[in-house]
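Q: These are the residues of each chain, in order.
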Amino acid sequence: MTHPLSGAAAIVGLGITPQGRVYGNTPLGFAVDAVQLALADAGLERTDLDGLLLNPGLAWADMGMGSFQLQQAMGLRDLRLSATMHLGGATACAMIQHAAQAIAASLCTTVACVFSDVPLKPPKPEGERGSSGSAYGFVRGWEAAYGYFGVNAMYALVARRHMHRYGTTQDHLGAVAVAQRRWANLNPAAQMHEQPLTLEDYHRSRWIVEPFHLFDCCLVSNGGLAVVVTGRERAREARKPPVYIRGMAQGHLGGDPSDTLSSGAVLSREPAFRMAGLTLRDVDVVELYDCYTFTVLVTLEDYGFCPKGEGGPFTAEHVTGPGGRLAVNTGGGQLSSFYMWGMTPVSEGVIQVRGEGGRRQAAKHDVALVSGNGGVLSTHSTLILAREPS
Amino acid sequence: MTAAYAKPLPQATREMAPFWEAARRHQLVVQRCRGCGAHRFPARDLCSRCLSREAEWAPVSGRGTVFSFAVMHQVYHPGFAAEVPYAVVVIELEEGARLVSNLVGCPLGAIAIGMPVEAVFEDVTPEVTLPKFRPRARH
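These protein sequence lines map, in sequence, to chains A and B.
So for the first sequence, our numbering puts the first residue at 1; every next one is plus one.
So for the second sequence, our numbering puts the first residue at 1; every next one is plus one.
Hints were generated in silico from the structure; no laboratory data involved.
Source: prediction; values computed, not measured.
Glycine residues also receive a C-beta, built at the ideal position from the N, C-alpha and C atoms.
Worth double-checking, as some hints may not be accurate.
[Unchecked claim] Label-pair distances were calculated between CB atoms; the ranges are: (1) A:Leu58 x B:Thr13: 18 to 28 Å; (2) B:Glu21 x A:Glu270: 42 to 52 Å; (3) A:Asp259 x B:Gly37: 16 to 26 Å; (4) B:Asp123 x A:Lys124: 35 to 45 Å.
[Stated by the list, open to error] To list a few chain A residues with every Cβ distance to chain B over 12 Å, as calculated: (5) Ala83; (6) Ser262; (7) Glu356.
Construct all of the structure, not just a fragment, from the sequences and the given hints.
A: Right, here's the structure in full:
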């Protein structure tokens with residue numbers, strides 16, 4: 001029997017603002033721009049929206065009631081769904097899940113799901129170079145006394161355990177960076193477009209925190225990204241081909257990621273595919289949350305594309321880049337296109353299923369698997385997107 | 001006269017004050033749950049295993065192994081500018097708790113997961129002592 005949520009809603013609008021070193025806009029401004037772009041893409045007006053879900057990035061994470069602030073800024077009236085959500089990089093897929101659930105339950109009809117952030121400051125006039133990573137260089141109280149700073153180091157400690165336990169190597173991590181850069185070089189919208197990367201370049205790039213080189217770490221981007229979700233009936237009238245939400249699930253393991261060495265995909269994959277009525281073999285494109293190269297290896301393992309611990313050797317076979325047998329992070333991902341937290345993989349999933357991928361378009365694009373990951377393998381969400389509702 | 005200590009000093013929060021007070025006496029302590037006996041670190045108000053709110057600070061052996069390590073190349077605080085690259089290590093104590101720390105007397109290239117270590121105490125100011133770790137022979 002078909003799950004009642006499977007194919008009940010679809011993504012009908014996608015809005016991506018300019019990305020990267022874009023200055024002069026506010027987090028709220030980027031959010032408004034992204035929603036307007038998504039509405040235009042869908043052929044809808046803002047008066048069609050009756051739901052608004054927001055994941056505010058670092059720059060406005062602490063603002064109270066962010067979704068209400070955005071509603072007021074856009075002059076949206078009579079909403080029937082509103083929430084500000086904080087699951088880190090797992091929020092994007094989770095927002096779309098909540099939108100689909102509310103629509104399927106007839107609580108609302110058309111929901112904008114929005115992310116925006118402005119972590120990058122404009123360059124100083126005297127030419128002083130600010131570190132793009134400084135926004136993520138969190139200091140955590142007493143640990144600063146030992147020089148332990150930032151998300152990069154938190155992930156590096158977990159990656160080192162994976163290397164120790166499973167024999168993952170620097171070459172394995174580098175293979176992910178190289179594959180995704182090759183995709184980015186087919187994506188004119190990617191920040192790293194026309195900047196080829198070889199494995200030798202990867203090894204020569206500066207260390208950030210061992211075992212991570214510069215190119216193991218995702219970009220940091222200013223910008224906004226929004227999608228519009230609506231019900232199956234209404235989706236048929238949309239301007240663009242609907243991208244149906246066929247399966248969804250979340251998985252939040254808890255505990256110490258250094259012990260599990262796993263993402264929550266180990267929990268979310270089975271219910272998501274069961275809801276979709278599909279298997280891993282039906283997946284044409286894979287858009288995985290990639291804060292680090294390491295995260296891609298782990299997530300490939302946890303969805304079952306290879307046995308646990310073999311993510312490294314799997315990617316080193318060069319199967320995930322253009323022309324490989326498994327199309328992974330086809331826009332270049334967050335490592336090489338732009339970093340809108342979980343909205344980056346969502347947007348590329350939509351582009352691929354629609355067939356709008358240009359030179360990077362997968363030949364077969366009926367089904368896309370999209371993942372989100374927040375914290376240090378702390379939160380996880382799965383979407384299975386498809387061209388057909390069932 | 002040595003130069004002023006330039007790195008960040010730990011703030012003695014309510015939860016962590018007993019750890020730093022013990023460190024000044026060159027003693028390593030971690031929290032031990034009165035409910036289930038589990039050692040834990042850093043300090044927390046309740047035990048995530050048994051949910052007991054009762055805990056005591058218990059002296060530990062100071063012996064453990066390197067659980068993981070990361071070599072920092074970025075300067076996030078000027079106090080570390082002269083030190084990069086340096087290693088941040090996670091030590092797993094024999095008693096079970098894990099601590100973020102640094103190694104002394106161990107070149108970066110020699111650090112390995114599983115390496116046996118023991119606590120040492122670095123008096124960085126007259127008021128503050130940082131527990132760190134050094135390699136020890138296997139017994």
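Q: Confirm or reject each hint.
A: Hint check:
Look at A:Leu58 against B:Thr13: about 24 Å separates their beta carbons, and that is inside 18 to 28 Å. In this structure, B:Glu21 and A:Glu270 meet the distance hint of 42 to 52 Å, their C-beta atoms being roughly 49 Å apart. For A:Asp259 and B:Gly37, the Cβ-Cβ distance of about 20 Å falls inside the hinted range of 16 to 26 Å, so the restraint holds. At roughly 39 Å, the beta-carbon separation of B:Asp123 and A:Lys124 lies within the given 35 to 45 Å, and the hint holds.
Taking the minimum C-beta to C-beta distance to chain B, about 27 Å, the non-interface status of A:Ala83 holds against the 12 Å cut. Every C-beta of chain B lies more than 12 Å from that of A:Ser262, the closest at about 16 Å, which supports listing it as non-interface. Every beta carbon of chain B lies more than 12 Å from that of A:Glu356, the smallest distance being close to 38 Å; the non-interface claim holds.
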